[in-house]
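Student: Spelled out, the chains give:
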Amino acid sequence: MKKLICMVLALAMVLGLAACGGSTTTAPAATNAPAAAGETAAPAAATSDSINVCIASEPDTLDPALNSAVDGATLTSHLFAGLAKWAQDADGNLIIAPDCATELTEGVENEDGTVTYTYTLRDGLKWSDGQDLTAGDFAFAWKRAASTALGADYGYMFEVVKGYPDELAVEATDDKTLVVTLNNAVAYWNELMAFPAYFPVREDVVANEGWATDPSTYISNGAYTMTGWTHNSVITLTKNDDFYDAANVTMKEINFYLSDDANNMLSNFKNGEWLLIDDVPTNEIPALKEQYPDEFKVEGQIGTYYVCWNINEDILPADSGLTGVEAENAKAEIRNAITLLYDRNYIVEEIAQGGQVPASSFVPMGMTDADGSQFYKNAGHNDGFDGYYDVSEDAYEANYEAAIETLKKYYTYDESTGMFTNFPTLTYLYNTSEGHKAIGEYLSSALASVGITMNLENQEWNTFLNTRKNGDYSVARNGWLADYNDPISFLDMWVTGSGNNDAQFGKGANKDVKAYSLDLSDLGYDVNVVNGTWAETYDVIIGLIKSCTDTAKRYELMHRAEDLLMSTGCIVPLYFYTDIYMLDSSVHGFFSNPLGYKYFMNCTIG
Amino acid sequence: MSSKTLKYILKRIAMAILTIWIVITVTFFVMRAVPGGPFLSEKAVSEAAQKALEAKYGMDKPLMVQYFTYLKDIVTKFDFGPSIKLRGRMVIDVIIDGMRTSVKLGVCAAAIALVFGVVLGAVAALRRNGFADKVIMVLTTAFISMPSFIIGSLMVLILSVKLGWFPANGETAKGLILPVIALSLSPMANITRLTRSSMLDVLGQDYIRTARAKGVPPMKIIFGHALKNSLIPVITYVGPMLAYIVTGSLVIEQVFAVPGIGRAFVSSITGRDYPLIMGTTIVLATLIVIMNLVSDILYKLVDPRINLE
Numbered sequence: 001m002k003k004l005i006c007m008v009l010a011l012a013m014v015l016g017l018a019a020c021g022g023s024t025t026t027a028p029a030a031t032n033a034p035a036a037a038g039e040t041a042a043p044a045a046a047t048s049d050s051i052n053v054c055i056a057s058e059p060d061t062l063d064p065a066l067n068s069a070v071d072g073a074t075l076t077s078h079l080f081a082g083l084a085k086w087a088q089d090a091d092g093n094l095i096i097a098p099d100c101a102t103e104l105t106e107g108v109e110n111e112d113g114t115v116t117y118t119y120t121l122r123d124g125l126k127w128s129d130g131q132d133l134t135a136g137d138f139a140f141a142w143k144r145a146a147s148t149a150l151g152a153d154y155g156y157m158f159e160v161v162k163g164y165p166d167e168l169a170v171e172a173t174d175d176k177t178l179v180v181t182l183n184n185a186v187a188y189w190n191e192l193m194a195f196p197a198y199f200p201v202r203e204d205v206v207a208n209e210g211w212a213t214d215p216s217t218y219i220s221n222g223a224y225t226m227t228g229w230t231h232n233s234v235i236t237l238t239k240n241d242d243f244y245d246a247a248n249v250t251m252k253e254i255n256f257y258l259s260d261d262a263n264n265m266l267s268n269f270k271n272g273e274w275l276l277i278d279d280v281p282t283n284e285i286p287a288l289k290e291q292y293p294d295e296f297k298v299e300g301q302i303g304t305y306y307v308c309w310n311i312n313e314d315i316l317p318a319d320s321g322l323t324g325v326e327a328e329n330a331k332a333e334i335r336n337a338i339t340l341l342y343d344r345n346y347i348v349e350e351i352a353q354g355g356q357v358p359a360s361s362f363v364p365m366g367m368t369d370a371d372g373s374q375f376y377k378n379a380g381h382n383d384g385f386d387g388y389y390d391v392s393e394d395a396y397e398a399n400y401e402a403a404i405e406t407l408k409k410y411y412t413y414d415e416s417t418g419m420f421t422n423f424p425t426l427t428y429l430y431n432t433s434e435g436h437k438a439i440g441e442y443l444s445s446a447l448a449s450v451g452i453t454m455n456l457e458n459q460e461w462n463t464f465l466n467t468r469k470n471g472d473y474s475v476a477r478n479g480w481l482a483d484y485n486d487p488i489s490f491l492d493m494w495v496t497g498s499g500n501n502d503a504q505f506g507k508g509a510n511k512d513v514k515a516y517s518l519d520l521s522d523l524g525y526d527v528n529v530v531n532g533t534w535a536e537t538y539d540v541i542i543g544l545i546k547s548c549t550d551t552a553k554r555y556e557l558m559h560r561a562e563d564l565l566m567s568t569g570c571i572v573p574l575y576f577y578t579d580i581y582m583l584d585s586s587v588h589g590f591f592s593n594p595l596g597y598k599y600f601m602n603c604t605i606g
Numbered sequence: 001m002s003s004k005t006l007k008y009i010l011k012r013i014a015m016a017i018l019t020i021w022i023v024i025t026v027t028f029f030v031m032r033a034v035p036g037g038p039f040l041s042e043k044a045v046s047e048a049a050q051k052a053l054e055a056k057y058g059m060d061k062p063l064m065v066q067y068f069t070y071l072k073d074i075v076t077k078f079d080f081g082p083s084i085k086l087r088g089r090m091v092i093d094v095i096i097d098g099m100r101t102s103v104k105l106g107v108c109a110a111a112i113a114l115v116f117g118v119v120l121g122a123v124a125a126l127r128r129n130g131f132a133d134k135v136i137m138v139l140t141t142a143f144i145s146m147p148s149f150i151i152g153s154l155m156v157l158i159l160s161v162k163l164g165w166f167p168a169n170g171e172t173a174k175g176l177i178l179p180v181i182a183l184s185l186s187p188m189a190n191i192t193r194l195t196r197s198s199m200l201d202v203l204g205q206d207y208i209r210t211a212r213a214k215g216v217p218p219m220k221i222i223f224g225h226a227l228k229n230s231l232i233p234v235i236t237y238v239g240p241m242l243a244y245i246v247t248g249s250l251v252i253e254q255v256f257a258v259p260g261i262g263r264a265f266v267s268s269i270t271g272r273d274y275p276l277i278m279g280t281t282i283v284l285a286t287l288i289v290i291m292n293l294v295s296d297i298l299y300k301l302v303d304p305r306i307n308l309e
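Chains A and B supply the protein sequences, listed in that same order.
When we follow the working numbering, the leftmost residue of the first sequence carries the number 1, and every step to the right adds one.
When we follow the working numbering, the leftmost residue of the second sequence carries the number 1, and every step to the right adds one.
These are computed hints drawn from the structure, not numbers from a lab.
Here the structure is a predicted model, which means the values were calculated and not measured.
Hints should not be assumed to be uniformly reliable.
As the list claims (entries may be wrong) - Below, computed lysine to any residue pairings styled on SDA-like, alpha-carbon distance capped at 25 Å:
| # | chain 1 | residue 1 | chain 2 | residue 2 |
| --- | --- | --- | --- | --- |
| 1 | B | K300 | B | T281 |
| 2 | A | K514 | A | L322 |
| 3 | B | K51 | A | S147 |
| 4 | A | K143 | B | S41 |
| 5 | A | K507 | B | K56 |
| 6 | B | K43 | A | Y164 |
| 7 | B | K56 | A | F140 |
| 8 | B | K228 | B | K85 |
| 9 | B | K85 | A | N466 |
| 10 | B | K43 | A | L322 |
| 11 | B | K85 | A | T432 |
| 12 | B | K51 | A | N470 |
| 13 | B | K51 | B | F68 |
| 14 | A | K469 | B | G37 |
What the hints assert, rightly or not - So the derived list for chain A, only partly shown, Cβ under 8 Å to chain B, looks like this:
| # | residue |
| --- | --- |
| 15 | D60 |
| 16 | D63 |
| 17 | L66 |
| 18 | T213 |
| 19 | P215 |
| 20 | S216 |
| 21 | D261 |
| 22 | N263 |
| 23 | S267 |
| 24 | D319 |
| 25 | N378 |
| 26 | H381 |
| 27 | D383 |
| 28 | N458 |
| 29 | L465 |
| 30 | K469 |
To be verified - Listing some non-contacts, in silico: residues in chain A with all C-beta distances to chain B over 12 Å:
| # | residue |
| --- | --- |
| 31 | N67 |
| 32 | D91 |
| 33 | G113 |
| 34 | D175 |
| 35 | Y257 |
| 36 | E326 |
| 37 | K553 |
Backbone N, C-alpha and C define an ideal beta-carbon position, used for all residues, glycine too.
Start from the sequences and build out the full structure, keeping to the hints where you can.
Tutor: See the structure below:
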C-alpha cells in the first residue's frame, strides 16, 4: 500500500510540475501563431509595418450587424468596407467618403415624399476568400441587420429606410447597382452608410452562426483580413492585398491586444509594447497629462452624462395642496432649480478629470446645427451663454441663489441654518462603479448642504438597467452616446413608447397628465396644443421631425423638442463626454472619429 | 477491494450525481428569478426583436418546459447550448477556452503548494523549535488566515502597481506568476503544517529509533522512512485542496484579470447569459464534487482503519 501511495504522490507531483513547466513554455511555442503572448510584442512593435494596440477586452461579437460596442466598430471598420467610410481629407479634416460605392449620389425624391438613392459599386470588389462582392450582398446584409429576427441592438439604424424592419426597400438591380428608398430625405444618410451595421456580409458565410468567432470562417471585404484570434488575448489583422484601395493602406499588420485593465494597458504603453491604449486609470490622469503632454489625447466624443429624474416621483411636500397642471409645473420648476445647485465645473475638474465639458443641454457638443454651427450653442436661445443655463464658474453663485429662491416657494426654509426642512427624501440610483459613485456622492452632498437628503443606492449593471427602464427609481445616473451626428438620436429616445424612455415620460401616472404645451403654428404646422399630454406634444413633434424634409425647419423643430424636454427638468445634463487615449509619438497617420472609432490603416511608425 | 468498499464508492457516486442535479435545479430557477435579462442593454431593442430573440433561445416557453429541455439536452447530448451574449459561440467552447487557462493556473498552484509545503514542513519538523521552524510557523499561520483575495490585492498593489515587476493581469504567461502564487499560499501553508506535525509524529516512532540505533545514516532515515510515512495525511488533503483551488481561482481570476473559467462565470452573471451561467456552474460544481469524491475514496484506500460508514 505504501508503494501505491508513493507512486500516486510522485505521479501527482510530476504531472503538476510538467503542467507548470508547460505554462511557461507555451508562450514561445505559440509564436508561430500570430497570437503570441507579451514576450513577442516588443520586437513586433519595433518593425514599422506592424502595430500593437489595445482598445478593449474580448469583444462580444465581431459580426458587424450585431456589434454595438465602440471597440467592435473599430475592428469591423478595418475588416469591412461599406458603401461609405470615415476618412481624412488633405487638410486632415474628417469627411464621409465613398468606399465600395463609386460616388455618394444625391437622392431622387418620389411623389410620395420618399427618396430613392442609386449606388454603383466599384469594379473588382472581392471578398477575402476571392469571391466577387455584389450589390446583392449589400441588400442581403442590410435586410438581415434590420430584421426583427436578428434582433440586433443597432437594428434601429435602418429606421430611416422604407419598409423597416422586415420589408426593407433595398434591392440589387444587377450585380453592381444597389437601389435603396428612404422614408424621407435624411441629412445623415451618408454617415449611416459608414456605420458597421451597414457593412456587407455574404449569405453563405453568415449561415454559419459561429462565423464571426474564428479567423478561418471570418470572410470580410475590407482593408484587412482577420488572421488570428486567441480569445481573451489578441486579435491579429493582416493587410488584404486584394482590397481595392490596398495601395493606400500603409500598416501591414495590426495586433489588437485584449484587456480591460487600465493599469495593465498603461504599463504596456509605458514600456513601449502597445502604441495606443484606449483607457487609462482615472487617478493617473493628472500625472499623465504632465508626463506625456504630446501622447495623452483628449478628443470630443458626442455624448452626455446626465442625471435622470423619474417624472412620476412625487417631490412636492405633503401639504402643498397642488394638483394637476399646477402640481406638474411646480415639480418641473423644482427639478430645474435643483439642477442649478450642482457645480459642474467641480465635477469635471475634481472628479471626472478627463477634460469633460460642463453641460447645459441634453444634445451634446459635437452635434452640428442646420448652418454647420454647434447645435448646443444655439440651444436654449439665451444670450451670453450656451444651453439652458449658465454653467460657467462665475455664474454658479447666482444660480445657487436663484435655486434657493425658487425652492422657497414650495418648501419650508429655515433661515438660521439655511436648510429646507420638508423636502421628501430622494434616492440616487447608479450602477456599481467608483466613478459613478464619486459623482453620486458629490450630488448628494450638494443637496445635503441645503437640507435635502438624497441617499445613494448602487446596483449591478444588468439589475440597474432593468430598474431604470421600469421606472422603479426616483433619480438615476444616465448617459447617452451618439451613433451618428444628428440631434434626433438624442431626442427620439424620449417618445412615450421608446425602450430608452427611462424618465417615464407619458408612462404610468404621467400618461394622463395634461401639462405640456406646443405651438408650431409659426413654422407653418397646424399644431397648437395648450396643456396636452406628453403623447399629444412630444411624440407629435418627433413625428414631424422624422418626416420633415426642409433642413432649416427640421433643425428648428429639434430645438423646440429639446426646449420641451428640458422644460420638464427631468433631464439634468452634467457634462459632455470626452474620449481619452494615449498614442505613442512615433505613430503617424492615425485618426479617430467623433463616435470614438480609431483608424490605423494609414499609420506609419517612425 | 472489498465489496464493502465498492458499495461505498457506488453510493458516493450516486450522491455526487444527486448533488450536481440539485446545483443545476437551484441555479436554473434562482438565475431566472434575478431581475434583468440577457437582452437588456443601454440601447434597448424593440419589443418585437426581443420576442424574436426569446423565441430563438427557447425562452418564450414556460419556465418548467425550459428546465426539462435543458436537463434533457445536458443528459442525453451533453449540450450546453449557445452563449447568448457572445453570439455565435457555443457555451462548451467558451468553457474549454477558459479551462485552458484555469487548469494551468490551478495545476501550477497545486504543484507549488505540494512541493513547497512538503519541503517546508519537513524542514520545520527537523528543526523543531529552531529559528527556521519559528519563521515557517509564523508565515504559514499568516497565509492560512489571510484570504487569497487580500494576498492577491496586496501583491498587485506592491509588485505590479508600485514596483512594476509583474503585469497586473494574467493574460500572458508572465502574468500568471502572481495569481499562481496568490492561489498556492494558503494550501501550501496547510500542507506545511500537516507535514510538520505528521513528521514529528513519525520521528518519535519506535521503528525510527530502531533505525537510528542500528546506525542508518540520518539522510536515509529522513527520506527513506520518515518522510514517506508522514505524507499519508497530505494525500488525504489533496482533494479538498484542489476543491479550494477551483473555488479560490474564481476570486483570483477577478483580482488578476485572468481570462479563465472563473472570469467567464462572473461575466456571464453580470450579462445574464443564462446558458453560460448554467454551463460554468455545472462544470465548476462537477469539478468540486469529483475532487471531494476522489479524496474520500483515496482516504479509504490509504488508510484501511477508516470506517466508511
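Student: Assess, step by step, whether the Cα of K469 of chain A is no farther than 25 Å from the Cα of G37 of chain B, and give holds or violated.
Tutor: holds, 12 Å
Student: Starting from K143 of chain A, check that the Cα of S41 of chain B is at most 25 Å away, please.
Tutor: holds, 22 Å
Student: Once the closest CB in chain B is found, is it more than 12 Å from N67 of chain A?
Tutor: N67 of chain A not clear of chain B: closest Cβ-Cβ about 9 Å, inside 12 Å.
Student: Compare the distance between the alpha carbons of K51 of chain B and F68 of chain B with 25 Å, and conclude whether the hinted pair is satisfied.
Tutor: Answer holds: K51 of chain B to F68 of chain B is near 21 Å, not above 25 Å.
Student: Under the criterion that the straight-line Cα-Cα distance not exceed 25 Å, is the pair K85 of chain B, N466 of chain A satisfied?
Tutor: Satisfied, since the Cα-Cα distance of roughly 17 Å is no more than 25 Å.
Student: For the pair supplied as a hint, K507 of chain A and K56 of chain B, confirm whether the alpha-carbon distance does not exceed 25 Å.
Tutor: Not OK: K507 of chain A and K56 of chain B at ~30 Å, beyond 25 Å, violated.
Student: Between K56 of chain B and F140 of chain A, does the CA-CA distance stay at or below 25 Å?
Tutor: Cα-Cα ~20 Å, so holds.
Student: Quick one, is the D319 of chain A hint okay against chain B at 8 Å, beta carbons?
Tutor: Since the shortest Cβ distance to chain B is 35 Å, the answer is violated.
Student: Mind checking the CB of D383 of chain A against every CB in chain B and telling me if the closest is under 8 Å?
Tutor: With a minimum Cβ separation of about 36 Å from chain B (threshold 8 Å), the hint on D383 of chain A is violated.
Student: Hey, does the N378 of chain A contact hint survive, CB to chain B under 8 Å?
Tutor: For N378 of chain A, the interface hint is violated, since the closest Cβ of chain B sits about 27 Å away, which is over 8 Å.
Student: Does K300 of chain B pair with T281 of chain B here, judged by a C-alpha cut-off of 25 Å?
Tutor: Not OK: K300 of chain B and T281 of chain B at ~29 Å, beyond 25 Å, violated.
Student: So, as I understand it, the hint says D261 of chain A touches chain B; can you test that by seeing if any CB pair is closer than 8 Å?
Tutor: holds, 5 Å
In terms of the numbered hints stated before, the structure departs from hints 1, 5, 8, 10, 19, 20, 24, 25, 26, 27, 28, 31 and 35, listed from lowest to highest.
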